[in-house]
Amino acid sequence: MTRERALLIILTVAACTLITRLIPFVLFGGKRKVPKAVEYLGAILPAAIMATLVVYCLKGADLFSASHGIPEFASVAVTAALHAWKRNVLLSIAAGTLCYMFLVQAVF
Amino acid sequence: MRQTVRFAFYKTIPVLLGYLFLGLAFGLLLQEAGYSFWWALLSSGIVYAGSIQFVLVEFLSGGTGLLTVAVMTLLINSRHAFYGLSFVEKFRKMKTYPYMIFSLTDETYSLLCSLKVPEGIDEKKAMFLIALFDQLYWVAGSVLGAALGQVLPFDMTGIDFAMTALFVTIFVDQWREAKSHLPAIVGLCSAAVCLLIFGGSNFILPSLIITVGILMALRGRLETNLSGKAEAS
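First to last, the protein sequences are chains E and U.
At position 102 of the first sequence (counting the first as 1) the number is 103 in my numbering, and the numbers step up by one without a gap.
At position 135 of the second sequence (counting the first as 1) the number is 598 in my numbering, and the numbers step up by one without a gap.
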């Protein structure tokens, strides 16, 4: 990929990210009231979006290859279980990531 | 002022650890994809959004079209639009208004939401410093990762799982705090089904549209479950 194209991609991502952050301030920055439907979506969408992102991250796990996606699913289980137990973001991420790195490097 | 700086720094320590670690992972991936630390500095300086920057590495190593890049960024970050809703009034009173909007990441949002300022500390300054410190950690981590990538003596294969793990922890937190698990379950099922139908590179858009559709259809039922506004952190 050319560096010009890479720069263009980064600028696009930066602009679109800023747009998502600007939207509520542009739409509701005045005295206008936030519509009920938007408030409702604001309350429930984050959980659904996070579920979608987890699936997005696991899309590369090949259930039919030699590893059967075991490193991915085992490490997600470790992360989720540890987080449900200790509620320490850093600890859960570090343990899950180390578990995954160990499984893909040393076991499968 | 010194008191305010100390207060803000103290509040951001968990983010310091998380951002250094995740930033390092991002920088390493970017370096593996063939980009030096200047690119890490640029991305973390002007994009500054954890999840999309990991996806950005994929954009930068593959032949993703600009339109797809734009649509995916808008969709993945659409949750940020909901974060701002809580701060429309508060940010407007600040001189640093534009930077506060730009820097509202998941982690800064959750810190600012739960912020209780003690006597003698300037709340607006504290909010600005928290946002600024968080970005500095993120920039420092990603630049270090990209710069040290070549000299790290151990095998970093699999470090990208940090992003998956981050989403899993946020998902678990939201699950525990949610008054109804239906939104999470709808999102999960819709994503899994769409992944099978559309494949890995095309499923997010149809999945989110179907999710929003189903959740709007369930609105009457869900709104009675959600007494008041649920926290979206």
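Please note: incorrect hints may appear among the correct ones.
What the hints assert, rightly or not - Okay, derived cross-link-like pairs now, DSS-like style, lysine-lysine, Cα gap no bigger than 30 angstroms in a straight line:
{"hint": "1", "chain 1": "U", "residue 1": "K553", "chain 2": "U", "residue 2": "K579"}
{"hint": "2", "chain 1": "U", "residue 1": "K588", "chain 2": "U", "residue 2": "K558"}
{"hint": "3", "chain 1": "U", "residue 1": "K556", "chain 2": "U", "residue 2": "K579"}
{"hint": "4", "chain 1": "E", "residue 1": "K87", "chain 2": "U", "residue 2": "K558"}
{"hint": "5", "chain 1": "E", "residue 1": "K87", "chain 2": "U", "residue 2": "K556"}
{"hint": "6", "chain 1": "U", "residue 1": "K553", "chain 2": "E", "residue 2": "K60"}
{"hint": "7", "chain 1": "U", "residue 1": "K556", "chain 2": "E", "residue 2": "K60"}
{"hint": "8", "chain 1": "E", "residue 1": "K60", "chain 2": "U", "residue 2": "K579"}
As the list claims (entries may be wrong) - Short derived list, chain E residues pointing at chain U, Cβ under 8 angstroms:
{"hint": "9", "residue": "A15"}
{"hint": "10", "residue": "L19"}
{"hint": "11", "residue": "I20"}
{"hint": "12", "residue": "I50"}
{"hint": "13", "residue": "C58"}
{"hint": "14", "residue": "L64"}
{"hint": "15", "residue": "F65"}
{"hint": "16", "residue": "S68"}
{"hint": "17", "residue": "G70"}
{"hint": "18", "residue": "I71"}
{"hint": "19", "residue": "F74"}
{"hint": "20", "residue": "V77"}
{"hint": "21", "residue": "V90"}
{"hint": "22", "residue": "V108"}
The hints are simulated quantities; they were obtained by calculation from the structure and are not laboratory data.
Virtual Cβ for every residue (Gly too), placed ideally from N, Cα, C.
Can you name, in rising order, the numbers of the hints this structure does not satisfy? 4, 5, 6, 7, 8, 14, 15, 16, 17, 18, 19 and 22
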